[in-house]
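Student: Position chain B relative to chain A; hints supplied.
Which chain is which? The protein sequence lines are A and B, in order. All residue numbers for the first sequence refer to my numbering, where the first residue is 1 and numbers rise by one. All residue numbers for the second sequence refer to my numbering, where the first residue is 1 and numbers rise by one.
Hint data in this document are derived by calculation from the structure and do not stem from the laboratory. Glycine included, each C-beta is placed from N, C-alpha and C at the ideal position. Some hints could be false.
So these bits of chain A aren't anywhere near chain B, every CB distance computed over 12 Å [claimed, not checked]: (1) C18; (2) L45; (3) D49; (4) D59; (5) A68; (6) S70; (7) R72; (8) G77; (9) F80; (10) T81; (11) V92; (12) C93; (13) R104.
Quick partial rundown of chain A residues pointing at chain B, CB under 8 Å, derived from the structure [what the hints assert, rightly or not]: (14) H2; (15) I13; (16) Q17; (17) A96.
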Amino acid sequence: MHEVSIAANLLEIVSEQCRKEGYRKIESIHLKIGRASGIMTDALLFAFDAIKTDSLAKDAVLMIDEIAVSGRCRDCGRNFTVEEEYVLQCPVCGGASFQVSGGRELDIVDMEVS
Amino acid sequence: MKVKVAAKILEANDRIALENRKIFDGAGVFVVNLMSGPGAGKTSLLEKTLAKKDGLRIGVIEGDIAGSDDAERIEKFGAPVVQINTGGACHLDANMISDVLDDLPLNEIDLLFIENVGNLVCPAEFKVGEDMKVMLLSIAEGHDKPLKYPLMFQESSALVINKIDLAPYVDVDVSKIRKDALSLNPGLKMFEVSCRTGEGLDAWVQWLRETAGKHRVS
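The following block holds chain A by itself, in its conformation from the complex (with noise of 0.2 Å):
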């Protein structure tokens, strides 16, 4: 819902980032967006290229890695993903003390740059 502050901050950390280092053009950001936080990629990618003109990312492409969700049963000690943006039980044991360790991400991995 608030994908436009999302592509602003992303915006504004590789900006710094390829100033500070030198460089005059970024190609490229490598991106890992969990399902379950909340951010649909499709407006993502819409509203970062709504804002990236003038800036150093303006020709910039988004390569997003959809990260599920997963995590560890406590009962049976298996690690599970999901399909859904949460998790209820165990899918492997139906166990219901399980910790969710991975699909909340929101993470700029790599640039390409110039």
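Tutor: This is chain B only, laid out in the frame that chain A set:
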């Protein structure tokens, strides 16, 4: 050429939230980030809580897209209150809170409520410097809400289920709300209240008093 960035997109917000938290801790203020969809009764819950405060010094930051109606309602109870208008933004962020800290007498407050913008999605994603998040759900919103908006239920320390007096008139399964919310967040503390009839409010205020009190002692 490929360069590593390795940054969290929200790290700037998280950093400011941590600074806010240090200021609150320094002043001995326990901070609750109060979240819900529009119309669930956040301001009503604050009014009822203020009416039962009994010595507990409560301050309020009101977050709304526009207007100052909520702050005016709180002011009637003599509580220090600041209104933030987000001008369209769907949530409060740490920077907006940082900007109004000087407008509150923090040293004269034990418990600060930050009433977030009415929205079941975005407020759960932005830390503002709170000690805990509390969410409010009115039963007329339906029993499907925990599974449709899981993040807010997962992030909250307590769920206040409001408008419980409407149960005979709406087709809602309150036990499903409780069950799904607890599956998402096994440690979730739950209260069933009616701000209209007053049902359940004493237990809520008592818990709030104990939770804020523990923080001040520690």
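Student: Hint by hint, which ones does the structure fall short of?
Tutor: Numbers 1 and 13 - these are the hints that the structure violates, sorted from lowest upward.
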